[in-house]
Every structure is written in structure tokens, then in C-alpha cells.
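> Just so you know, the sequences run in chain order A and B. In terms of full-length UniProt numbering, the first sequence opens at residue 1 and continues consecutively. In terms of full-length UniProt numbering, the second sequence opens at residue 1 and continues consecutively.
Bear in mind the hints are in silico, worked out from the structure with no lab data behind them. In this text, all values refer to a predicted model and were calculated from it rather than measured experimentally. Take the hints with a grain of salt, since some may be wrong.
Here are some chain A residues pointing at chain B (derived, C-beta under 7 Å) [as the list claims (entries may be wrong)]:
| hint | residue |
| --- | --- |
| 1 | Gly135 |
| 2 | Arg212 |
| 3 | Met262 |
Backbone N, C-alpha and C define an ideal beta-carbon position, used for all residues, glycine too.
There are 2 protein chains.
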Amino acid sequence: MKLPKKVTIKEVGPRDGLQNEKQLILTEDKVNWINSLSETGLSYIEVSSFVHPKWIPQLADAADVLRKIKRNQGITYAALVPNIKGLDRALEMNADEVSVFMSASEGHNLSNINKTIDETYPVLAEVVREAKMAGKTVRGYVSTVIACPYDGLVEPHQVKKVADRLFAMGVDELSLGETIGVGVPTQVERLLEELLREFPSSQLAMHFHDTRGTALANIVKSLEMGITTFDSALGGLGGCPYAKGASGNVATEDLIYMLHEMGIETGIDLDAALKSAQLIERTLGKELKSRQMEIFRAEGKERIS
Amino acid sequence: MKLPKKVTIKEVGPRDGLQNEKQLILTEDKVNWINSLSETGLSYIEVSSFVHPKWIPQLADAADVLRKIKRNQGITYAALVPNIKGLDRALEMNADEVSVFMSASEGHNLSNINKTIDETYPVLAEVVREAKMAGKTVRGYVSTVIACPYDGLVEPHQVKKVADRLFAMGVDELSLGETIGVGVPTQVERLLEELLREFPSSQLAMHFHDTRGTALANIVKSLEMGITTFDSALGGLGGCPYAKGASGNVATEDLIYMLHEMGIETGIDLDAALKSAQLIERTLGKELKSRQMEIFRAEGKERIS
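Input sequences plus hints: build the corresponding full structure.
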């Protein structure tokens with residue numbers, strides 16, 4: 001098995017995780033959680049999103065969160081921005097990196113951004129240009145890279161077309177989102193074969209939702225194909241907007257466990273991650289669904305003293 | 001990705017699943033469940049165990065279960081037997097196949113069977129010989145093939161030694177059990193590399209517990225190495241005796257989903273499997289933990305009318 005020695009895990013829980021939680025979380029609780037994430041060894045935390053509060057009320061306090069967190073050296077604190085207005089707010093709060101987003105499928109793009117794919121490009125191009133001029137790196141999220149809740153299966157060449165445009169704009173890294181968690185390793189292989197013909201693996205990240213339990217299998221296949229950056233959310237936060245109650249992002253702690261057991265370094269301390277998961281679990285007042293948290297509870301350990 | 005076209009799933013829920021449930025299930029409910037399993041397209045169901053009722057009270061009705069189930073042609077109804085006494089009872093009830101079991105590690109074998117590995121061989125050899133003379137096929141379970149809750153990591157050559165002895169006795173198929181669910185694909189690869197040097201893939205089955213969420217990833221690696229038989233339990237039944245409350249066997253329905261999406265035939269109807277899972281879920285009076293059942297509930301569907 002050809003595997004990388006080291007993998008970067010990008011924690012998207014505070015943004016992709018919390019945005020699916022209905023109960024409004026206090027800014028202070030978010031800040032405490034992000035501060036505890038900063039103590040785990042993570043090198044990248046996506047802390048919030050500057051979309052209009054009308055769309056995601058949970059993240060309306062993005063500016064406050066960015067202002068109040070304690071920033072550790074060596075950690076990138078990133079924020080999602082939908083447009084120039086969002087970018088301006090993110091720059092004002094000095095986010096270390098900004099992320100733009102769109103979908104590989106028309107149906108999801110229309111539903112999520114209210115624009116066609118072609119209408120989206122100029123908006124993102126402007127954001128990327130301004131962000132780069134402000135000295136920021138830019139991440140591009142491409143959603144629905146394997147399947148779309150509206151259009152069905154998405155062909156790799158569709159993803160490649162969008163990826164081409166985003167890289168041409170100057171995006172530094174693309175995060176390929178398997179948004180609805182239906183994908184299996186054969187599909188991941190087919191997608192990556194197509195993309196890696198044109199783009200270096202160092203500029204691609206995989207972002208799996210674990211709705212059908214296939215995320216870790218998909219990650220192993222991605223590793224074998226040379227991918228070394230993965231998004232995840234502590235506690236498997238995120239839910240699935242297309243099947244309420246179902247699982248969300250692949251859980252950071254389950255990913256850490258598997259990678260470490262496979263001899264792959266992450267730089268993250270699993271115990272510290274579990275402590276941080278326990279913190280947000282208490283804030284949310286519900287049991288998180290990851291396997292590591294299940295075992296943690298089963299063992300009856302008290303890690304927060 | 002080199003993959004088989006067809007895979008055999010062996011359902012171990014009625015035995016390996018239920019034996020970990022504390023609440024005693026009525027024989028009638030077990031029979032109803034097994035009858036519903038027979039309508040899913042499964043070709044193999046392990047229905048119970050003839051161990052002494054003192055050890056597993058839940059399966060004390062093994063003979064009754066075997067007597068009362070409706071047997072479909074083309075389905076193998078198997079039973080676990082620990083010794084000659086158990087075998088006699090299984091033969092009396094005309095189990096189609098019997099399974100013997102032991103561990104690859106001394107610690108687990110001692111704890112589970114109360115014998116050393118060397119003391120176990122003659123007991124199993126007698127059972128295998130008698131079973132073959134009665135015209136039955138025999139399955140051999142080897143537990144703790146990657147790690148042992150008492151001895152830690154288990155080396156592939158230890159597993160090979162036990163496998164050698166069991167095949168020499170005349171066992172038809174070995175099921176390699178990753179009993180505590182700690183394994184990752186690199187370990188599976190290393191184990192199978194060692195075993196496939198000596199034994200044909202057609203005589204090996206993999207039996208993964210999903211305690212840490214790695215079972216599907218381990219199955220994909222096994223598939224790539226040529227394994228075409230997998231054990232699973234509907235609803236992920238089975239728990240983990242070493243971490244109460246944690247997950248059990250890999251869930252049959254999650255495995256079916258993944259295999260079908262990968263273009264691999266199982267002969268099983270996923271909807272029928274979910275109906276059957278709903279049946280045992282109602283009997284147990286608790287939510288099953290598989291992802292497919294999670295989605296099923298999230299979608300609010302009523303499959304049993």
C-alpha cells in the first residue's frame with residue numbers, strides 16, 4: 001500500500017459543523033471551542049462564514065468569533081466568504097485565509113448560491129483577485145463532486161471544468177466536497193484519476209461526508225492516490241441537510257485514529273481532540289456520533305477534570 | 001481498482017449479534033426475524049450457537065430456533081458448535097453447516113474457551129471429523145486476527161499457524177475475525193499477504209467489527225486482495241464486549257449499500273434487508289446504529305405497513 005507519511009487535517013467543525021445546528025450557540029462557547037481546537041495540534045481551523053446572516057443565522061457572529069479567539073502561531077484560521085462584501089468583513093477581521101465555494105452541479109449551485117455555474121465564476125473571480133491583492137491565500141470549495149441531490153451523479157469532467165476555472169482564478173487549493181455522503185471508493189478513484197491528470201495532488205483536498213459510513217474507505221482510496229489533505233469535523237458534526245438526523249462530516253477523531261494506526265502522522269493529539277469534542281458536546285447538549293466518542297463514553301472516562 | 005464481480009455476505013446477526021444483547025429475546029421473535037432474513041436474498045445465515053446455555057443464555061433456545069424457522073432452498077442455515085456435545089445437538093436439528101471457533105491469541109482463547117491454543121486443537125479436530133462424517137461442511141472462526149484485548153497486536157504468522165491447523169483438520173472455510181474492531185487497512189493488507197501466500201482466497205472470509213468505524217475501509221482493502229466472502233450483522237448488532245455501548249459487527253445493510261454502489265453483486269435486496277432490520281429493531285426496542293437505518297429513520301419512511 002503506497003501511502004503518504006504525513007497528512008494535513010483541516011478542521012471545518014466550527015463552520016461546516018455548526019452551520020447545520022439549529023440551536024443558536026453563544027459566541028463565547030464557539031470561541032472556547034475553537035481555543036480548545038487550537039491546543040490539539042491542528043494546523044488549520046475554518047472558524048466561521050461571512051455569508052449573510054439571513055442564510056445562516058448560526059454564523060452571524062463570524063466577526064466576533066474571529067476577533068475573540070486566541071490565535072496560535074502556526075495555525076491558519078480561515079473563513080468562508082461568498083462575495084466581496086463577505087471578503088471585506090473577513091479581511092477586516094484578518095482571517096488568515098478565505099474560502100470561496102460553488103458546486104460542480106447546476107442543481108446544487110442554483111439551490112445553494114441562487115446562480116448558475118457560469119454566473120458564479122465572475123463573482124468568485126473578483127473575490128479571489130481581491131483576496132490575493134490583500135495577501136491572503138484562497139481555498140476553493142467545490143461541492144457535489146460525486147453526486148448532487150438534484151441532478152444525480154456528477155461526472156468527473158464536470159468537476160474538472162469547475163476546477164480548471166477556479167485554479168485559473170488563482171485559487172491555491174481546491175477542497176472537493178462529497179456533499180451528500182453517497183460516494184464509494186470506485187467513484188473516488190475515477191474522480192481523482194481525472195483530476196490528477198491535470199492538477200498536482202498537493203493542491204487538492206478531499207472533503208467527505210459520512211452519511212453512509214463510506215468516508216474512511218474513501219479517504220483510504222484518496223491516500224493511495226496521493227491526496228494528503230482532508231477536511232473533517234470534530235464529533236462528525238454537520239448533519240446532512242438532505243436527510244435530517246443522518247450523519248455529517250467524517251469525524252476528525254475517527255480520521256486521526258485511522259491515520260495514526262496506519263502509521264501516518266497528523267501532528268494532532270487524539271486525546272486533546274477528544275477533550276475538545278467533549279467540550280462542544282456539552283455545549284450542544286447532545287451526544288456526538290463519532291466512534292471515538294462512543295468508545296470514550298463506553299469506557300466511562302472523564303477527560304475534563 | 002481490481003475488484004470481484006460478486007461477493008457473498010454471511011449474516012451472523014442472529015448469533016454474533018444477539019449473543020451480546022442482554023434482554024432475552026423470545027424464540028418466536030428470533031424465528032420471525034430469521035424468516036424475514038430468508039426473504040432478503042441472503043444465501044447464508046448463522047442462526048444460533050450450541051454453546052452451553054450457562055455461557056450464553058440468550059442462545060439457549062438454539063435447537064428450538066433451528067426447528068421452527070422456515071428453511072428456504074439455497075440458503076445455508078448454520079450454527080456455532082464448541083464441542084462434540086454441541087455438534088450432536090446441531091446435527092440432531094439438522095443445521096446445514098457447523099462452525100468451530102478459537103482465537104489466534106492465547107489471552108483471548110484462554111478467556112473465551114478456557115483452554116490454551118494447543119489444548120483447543122484436539123477438541124476442534126474431533127468436532128470437524130465428526131461433522132464431516134455426518135456430511136456437513138465446517139466453517140472455522142479465528143478470532144483476534146489483528147489484535148487481542150489481552151495480548152495486544154497479533155502477528156500474521158500466529159494467525160497463519162492456527163489457520164494451518166484448522167485447514168489440516170478439514171475445515172472448509174476460515175472466517176478471520178477482527179474481534180475488537182481496532183484494525184486498519186494496512187494491517188489487513190499485511191495479514192492477507194501472509195495468508196494468501198498459502199491459502200486460496202476462496203477459502204477465506206473476513207469478519208470485521210466496526211468499533212472504530214474502519215470496517216468498510218478494511219473490507220475494501222480485502223476486496224482488492226481478492227477476498228469475496230464477508231460476515232456482517234444486520235443493524236450492526238453485536239456491541240463490543242470490551243467497550244460496552246460501542247458498535248458491533250459491520251452492518252449488513254451498510255455493506256450491501258457500499259458493494260452495490262461499487263458495482264459488486266451480492267444477490268441481496270437492500271430494501272428487504274432494511275425491512276428485516278426494522279423488525280429486529282422493534283423486537284429489541286432500540287434504534288439500530290447502522291447508517292442505512294439512520295437514513296431510513298431520517299427519511300421518515302414506513303417500510304413495514
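> If a hint holds in the structure, say so; if it doesn't, say that too.
Now the hints, each set against the structure:
no.: 1; hint: Gly135; verdict: violated, 40 Å
no.: 2; hint: Arg212; verdict: holds, 5 Å
no.: 3; hint: Met262; verdict: holds, 5 Å
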